[in-house]
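Visitor: For the protein sequence lines, the chains are A and B, in the order given. Number 196 in UniProt numbering belongs to position 196 of the first sequence; there are no gaps in the numbering. Number 39 in UniProt numbering belongs to position 39 of the second sequence; there are no gaps in the numbering.
If you are wondering where the hints come from, they were derived from the structure by calculation, not from laboratory data. It is possible that part of the hints are untrue.
Stated by the list, open to error - Calculated cross-link-like contacts (lysine to any residue; reagent style SDA-like; alpha-carbon spacing at most 25 Å):
#, chain 1, residue 1, chain 2, residue 2
1, B, K15, A, E272
2, A, K276, B, E46
3, A, K27, A, R50
4, A, K130, B, K15
5, B, K173, B, A317
6, B, K173, A, A117
7, B, K15, A, H275
8, A, K276, B, V10
9, A, K130, B, G90
10, A, K130, B, K173
Said to hold, decoys possible - Not everything, but these chain A residues come out facing chain B in the computed CB check (under 8 Å):
#, residue
11, M116
12, A117
13, E118
14, N123
15, G124
16, N137
17, G139
18, L141
19, G171
20, E172
21, E175
22, Q203
23, Q204
Note that CB positions come from ideal geometry on N, CA and C, so glycine has one too.
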Amino acid sequence: MLTTDLEQVLIWRAERDRIAAAEPAEKAALLAGRAQAIRRRVVQMIMTARQGHVGGDMSVTDILTTLFYGTLRIDPADLPKDRDRFILSKGHCAAALYATLASCGYFSPNELDTFMAEGSALNGHPNRVKVPGVETNTGPLGHGLPVAVGQAVGAHLAGSPARVFVVAGDGELQEGSNWEALMAAAHYGLENLTLVVDRNRLQQGARTEDTNGLDPLDARLAAFGCEVRSVDGHNHLALAEAYAPSTTGGPVAVIANTIKGKGISFMEDRVEWHHKVPTSEQADQALLELA
Amino acid sequence: MTAVDVTAPVHDNRKAFAEELMALAAADTRIVAVCNDSVGSSNLVEFRERFPDRLINVGIAEQNMVGVGAGLASMGFVPFVCAAAPFLTGRSLEQIKADVAYSQHPVILCGMSPGMAYGELGPTHHSVEDLSWLRALPGLDIVLPADRAQTRDAVRMLAAEPRPAFMRVGRHKVPDLPESSALERGRFQQLCDGADVTIVAVGTMVSRALQAAEALAADGVTARVLNASWIAPFDAEAVRAAAAQTRAIVTVEEANVSGGLGAAVASLVAALPAGQRVPVEILGLHDFAPTGSTNALLTHFGLDPEHLAEAAKAAMARA
Ligand SMILES: Cc1ncc(C[n+]2csc(CCOP(=O)(O)OP(=O)(O)O)c2C)c(N)n1
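Given these sequences and hints, build the entire structure.
Guide: Below is the structure:
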């Protein structure tokens, strides 16, 4: 198990507080800067490991930074039982999660250099037994939401104010387990549960709508009892607003409309970058564009 | 015994799989492929171009994928259901049980990139429980072709006589085996003979077993090597002969030891009359893998020729 990096926790706390106190424009700029730094770190990790899922990492980064630098009631140096819970169900995007967790101080950012290296805690998919901040192991798609439902029910039973956030890929929603989970979430009135769909419209081999289409996704989620909020998934202020508590007494589903490969011109919306390693020239260009 | 050429070229069996499937599909319109967003990883891009209507991509939905395969089979098609082995088997285990094995719908389940082929992607992506899980299902053939020729054989044989079956299609590159290794349903192939110990190997482990046999020969120990390419139905005869003719048996599989090939061999040997039983060493995984490349993990779990040779000696010492 990796250990908390207290110095980094202090840096994270200071930045989180600064973001919380900032005026909207400054807040957006601070979050955007944080997200770009995480994207750069992810590109470096993937270049060192020569493996990774760069496209989905880039699309989910803004969703993660808005959560970890604003919404989530968490603190890496103090893990009370009633903390909010976060699950990255699209576990193949572990690199983006690791870089985010390390920036919060869950473990030392230096560890990121070991991503997927022999014996490292930072496997290609997140493991809660080894990595603080990871609440459940993911990798096979369609597991995060059912576990999140269990956590949300558990929070109710324990009388805990904890909210539970889960991020799933849009392709991932083709797994039936998600819809079983949503039925339960509505049935149990889980107003403490928020599903964020990283709606980048691509999956591993093709466009989602050309594979097994999800549209009209908003209507479908609503029909399953969700309060649906559709936002630009790269707009930090819109995301932060969409993470607001339920107004209906049931689960919230945020459709975060994103671009796979976001921020790197030659990757944006291109299916081949689901998992492909940039050449060193491409990486240089990517890092430049993410500056 | 012919020397193992450790510099021989190695191959990803998925290519041979896809080529054979396409050749058969061109002649037989009953052949269809079903997959889960895995067209590229199953090497089916060309298949999709040539037979667009006969590639059914259900998206990331493995339970549905296997059920759809069963439905197609019941309509007279010959479905090759292709997905990464861990999700195909684990995610859809009940569909494989009820819709394929129990219903006897002739679905050919093709588990891509099995074992620890996905190295650093970790245990969620390692298919090392598939043998234990699927061996428990009556009426399901289990085929583990060990090289390109056997992969082609398996596709051809299962298409010619469709039956509920699971085959592992390896991604981790392995060399081609000697010619004597044509696939036969329910039969292990004897790749070399020896009087002291028998090594029963499967899939990626077969060429390593041959190397171990060579190392043992240098120490004056002769080893019989069996390729357990068709695990179900099980070749009890080959195991009984090994027990009668050699002093110990070592099994080796890129799978968890609970309920896999080694367990099958051991339970058979345990049922032999006293005096005919021989020691059995079972090599495989005992735990979830740490982070590492496929090769590093194989070494981590002692699935390398050196350790195999040691295990053979340890088994003989118990005889
Ligand atoms: C159960 C399961 N089936 C298949 C896979 C292989 N796989 C990994 S990522 C992926 C595509 C995911 O697409 P999406 O959820 O849209 O994620 P994103 O595009 O955001 O990366 C697939 C099919 C898997 N990890 N788990």
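Visitor: Work down the list of hints and note, for each, if the structure agrees.
Guide: Checked hints:
no., hint, result
1, B:K15 x A:E272, "holds (20 Å)"
2, A:K276 x B:E46, "holds (20 Å)"
3, A:K27 x A:R50, "violated (34 Å)"
4, A:K130 x B:K15, "violated (36 Å)"
5, B:K173 x B:A317, "violated (33 Å)"
6, B:K173 x A:A117, "holds (21 Å)"
7, B:K15 x A:H275, "holds (20 Å)"
8, A:K276 x B:V10, "holds (23 Å)"
9, A:K130 x B:G90, "holds (23 Å)"
10, A:K130 x B:K173, "violated (30 Å)"
11, M116, "holds (4 Å)"
12, A117, "holds (7 Å)"
13, E118, "holds (4 Å)"
14, N123, "holds (4 Å)"
15, G124, "holds (4 Å)"
16, N137, "holds (7 Å)"
17, G139, "holds (3 Å)"
18, L141, "holds (5 Å)"
19, G171, "holds (5 Å)"
20, E172, "holds (6 Å)"
21, E175, "holds (6 Å)"
22, Q203, "holds (5 Å)"
23, Q204, "holds (5 Å)"
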